[in-house]
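*Asks:* Given next are the chains, with one letter for each unit.
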Amino acid sequence: MSIAKLTGSAGLDGGQRLAVKYFVVAVVLFGAQILFGLLAGFQYLNPDFLYGVVDFSVNRMVHINAMIVWMLFGFIGSIYWLVEEESGTEIVGLKLANLAFWLFTAAVAVVVLVFLIIQTGPGNIESIWFINEGREYIEAPRWADIGIVVCLLIFLYNIAATFTKGRWTGIGGVLVLDLVAVAGMYLAGMFYTENLSMDQFWWWWVIHLWVEATWEVLVGCIMAWGLIKTLGARRQIVTTWLYIEVAMMLGSGILGLGHHYFWIGTPEYWLTVGGFFSALEPVPLVAMVVHAVYDSGVHRFKSPNHPALAWLIAHAFGNFFGGGVWGFMHTLPQVNVYTHGTQWSASHGHFAFFGAYATMNIAVFYLAMQKWRGNVNFGVGLVDNGWKWKWSLGLLNGGVLGMVMALLLSGYDQVFIERALEGSTWSGYFRAQHNVWYLQGMWWRQIFGYMTAAGFLLLVWDLMTIGVRETRPAVFHTEAAEHAA
Amino acid sequence: MTNMPWWASEDFWRKTAIWVTAGMALVLIVLTFDTVAVITAGHSRVPAYEVINKRIYYRMNTKRQFQEPVIGDDAPLFGKMLSPAEAEAMVSHGKMTLQARNCTSCHTILGNGAYYAPDLTKAWLDPAWAGESTREKLMVQFLMDPVTNARGFGGNRRMPNLHLTQDEARAVVAFLKWTSAIDTTGFPRNFRPIAQEGDR
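Residue numbers (my numbering), protein chains in the order written: chain A, 1 to 485; chain B, 486 to 685.
One thing to keep in mind: the hints can contain errors.
Below, computed lysine to aspartate or glutamate pairings styled on DMTMM-like, alpha-carbon distance capped at 25 Å [as the list claims (entries may be wrong)]: (1) K622/B - E194/A; (2) K548/B - D519/B; (3) K539/B - E85/A; (4) K95/A - E194/A; (5) K539/B - D558/B; (6) K565/B - D13/A.
Not everything, but these chain B residues come out facing chain A in the computed CB check (under 10 Å) [what the hints assert, rightly or not]: (7) G579; (8) R586; (9) T633; (10) N641.
Here are some, though not all, of the chain B residues that point toward chain A, as calculated from beta-carbon distances under 8 Å [claimed, not checked]: (11) R499; (12) D558; (13) G639; (14) L647; (15) Q651; (16) T669.
Simulated from the structure, these hints should not be mistaken for laboratory data.
By construction, the Cβ of each residue, glycine as well, lies at the ideal position given by its N, Cα and C atoms.
The whole structure should be built from the sequences, with the hints applied where relevant.
*Replies:* Structure, rendered in structure tokens:
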């Protein structure tokens with residue numbers, strides 16, 4: 001592979017050159033997520049492994065934080081990628097945007113080093129400011145929180161100003177409103193209180209309203225744009241679908257927040273509100289599947305970028321099954337009182353985060369690589385028959401699905417023994433953890449974890465090599481379709 | 486395109502998206518005001534911090550059909566009655582320690598966190614602490630040196646030594662005692678609490 005092709009970025013616009021930087025960091029963090037997940041998973045099987053050196057708590061924290069951050073980097077990159085094309089003008093404030101990227105990346109590196117080396121601090125406010133906030137998913141210390149918000153605001157400024165200067169499209173409008181919410185919601189997680197119920201009430205505003213509302217809308221926007229790119233789907237149809245999805249997603253997801261307010265000291269009306277609205281949450285995800293499959297069918301799967309299209313379809317199904325079905329399985333309070341805080345949640349978490357978000361980011365990586373290589377064909381007749389992307393697609397999806405099923409089996413076992421039989425005591429907890437079926441699930445999870453890691457390595461190899469020897473130009477259907485509309 | 490029905494139009498769905506989102510956000514804001522008032526410490530469902538001066542039971546309420554915390558007689562923590570301000574400071578120190586020592590990357594509390602170690606919501610009431618008279622001492626000992634005092638429960642998964650000071654360990658116990666008095670709408674279900682004086 002020539003250096004020019006690696007660093008060339010010929011033909012990319014300003015936003016896209018920045019996006020590639022975000023994608024590179026995203027892929028590195030994706031790798032870190034998998035590595036630390038494997039370490040943590042292995043500690044379930046052999047608790048002495050790295051005990052007292054890099055304890056489970058550290059591995060697990062890096063595992064989930066790397067995930068959150070690589071997904072954010074992927075989304076931010078995706079939006080920088082599409083903003084100039086979508087708005088029809090040059091990006092506004094690119095220098096500031098580049099500065100924000102380096103700040104964000106440096107902050108992430110420092111936080112990870114502190115997590116790995118210093119790990120914990122004394123029980124005072126300084127620890128929370130500089131070492132570890134100790135709240136799941138947002139463990140980053142307070143100084144980094146402030147940095148994240150500043151970077152998100154710069155990002156918001158870039159995107160809003162660019163659309164204002166160029167043209168506002170439906171996708172652009174939804175995107176910018178959503179980014180206001182993404183930045184705003186994060187503020188809800190940036191204060192200390194000794195009241196645990198209050199703490200968790202606002203903590204869920206970040207976790208749920210990000211993951212199950214604003215992020216879903218974000219990927220809805222990227223999906224809409226992706227369908228136009230990969231299939232040449234008609235903009236009017238895609239935009240109308242996007243509005244329908246937003247209406248259903250936020251119509252169910254905002255009050256679906258209530259399913260986290262069953263057991264944290266909050267009033268009992270949340271059982272009804274949370275149960276009802278979260279039961280509706282799968283509906284928009286069904287709509288997204290219909291949308292993606294319908295559009296693919298109408299265009300007879302003719303796409304100049306097969307890997308991207310395959311990952312978009314993986315997204316549609318992964319989002320529906322991982323978020324929708326797996327979420328619904330334990331969202332009703334009558335079920336959740338038993339399953340809350342067990343490996344059921346881990347099963348759902350793995351499936352939903354991968355299915356809804358990892359897939360979408362990978363799709364955009366392939367779209368980006370295509371343009372990077374000079375808009376060559378990524379469709380029919382790829383060199384080597386595209387075995388690398390096909391195998392990595394299979395290994396990653398198969399690996400995650402295997403982990404999901406294994407964790408679900410362990411989860412069932414845990415719920416049955418710890419909660420139903422043993423009355424949720426500590427001895428009941430350990431009786432479940434030591435049960436042979438539970439452990440069997442944990443072994444399978446680990447094996448499928450290795451499979452996922454293999455898929456990841458193949459993905460990286462493929463992204464670095466796909467299209468390098470390809471010379472045929474890609475045939476895009478977009479413009480013709482736009483004219484027809 | 487001229488024959489497009491109103492329900493298929495882009496404009497209709499844009500407006501619908503805006504109104505639905507605004508409506509739901511409004512409902513959430515109203516409910517948030519109500520909930521925040523209810524979960525303020527000392528209100529109906531979340532106890533005041535000085536509850537750590539009292540005995541806390543976890544009993545079935547036949548009307549609600551699940552267990553709920555019941556506040557009993559004086560049972561000062563570490564033998565000392567605390568003023569409301571002292572109690573709050575101690576609980577706060579415990580919560581801060583819980584965060585700074587990253588406890589929820591192994592444990593869950595109120596069911597949220599990681600699944601590598603047992604849930605802490607009712608830790609204060611767990612029968613693992615043998616009896617009421619030994620509980621405080623065992624908890625502090627364990628927190629300060631979990632390796633030597635490992636309980637094990639028949640496996641080799643152990644808590645690492647996080648080097649809590651005695652003050653921190655006592656504060657964590659205070660925080661967990663306070664937490665056990667939160668009304669969690671019956672979570673965890675069927676919990677079997679430690680035997681305490683005054684049990685019916």
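*Asks:* Does the alpha-carbon distance linking K95/A and E194/A stay inside the 25 Å limit?
*Replies:* 41 Å, violated
*Asks:* Going straight from one Cα to the other, do K539/B and D558/B come out at no more than 25 Å?
*Replies:* Since the Cα atoms of K539/B and D558/B sit roughly 6 Å apart, the hinted pair holds (cutoff 25 Å).
*Asks:* Is K539/B within 25 Å of E85/A, Cα to Cα?
*Replies:* 65 Å, violated
*Asks:* Hint validation: G579/B versus chain A, beta carbon distance must be below 10 Å. Holds or violated?
*Replies:* Hint on G579/B: holds, closest Cβ of chain A at ~7 Å, below 10 Å.
*Asks:* Under 10 Å, Cβ to Cβ, is where T633/B needs to be relative to chain A, so tell me if that hint holds or is violated.
*Replies:* 13 Å, violated
*Asks:* Minimum Cβ distance from G639/B to chain A below 8 Å?
*Replies:* 6 Å, holds
*Asks:* A closest beta-carbon separation below 8 Å is what the hint needs, so does D558/B meet it against chain A?
*Replies:* The hint is violated - D558/B has no Cβ within 8 Å of chain A, the shortest such distance being about 23 Å.
*Asks:* Min Cβ distance, N641/B to chain A: is it shorter than 10 Å?
*Replies:* 5 Å, holds
*Asks:* Hint check: is the beta carbon of R499/B less than 8 Å from a beta carbon of chain A?
*Replies:* At about 5 Å, which falls below the 8 Å cut-off, the nearest Cβ of chain A leaves the hint on R499/B intact, so it holds.
*Asks:* Is K548/B close enough to D519/B, meaning Cα to Cα at most 25 Å?
*Replies:* 24 Å, holds
*Asks:* Would the pair K622/B and E194/A pass a check requiring their Cα atoms to be no farther apart than 25 Å?
*Replies:* Answer holds: K622/B to E194/A is near 24 Å, not above 25 Å.
*Asks:* Given L647/B as an interface hint, is its Cβ closer than 8 Å to any Cβ of chain A?
*Replies:* With a closest approach of 6 Å, the L647/B hint holds.
Of the hints listed earlier, those the structure fails to meet are numbers 3, 4, 6, 9, 12, 15, in rising order.
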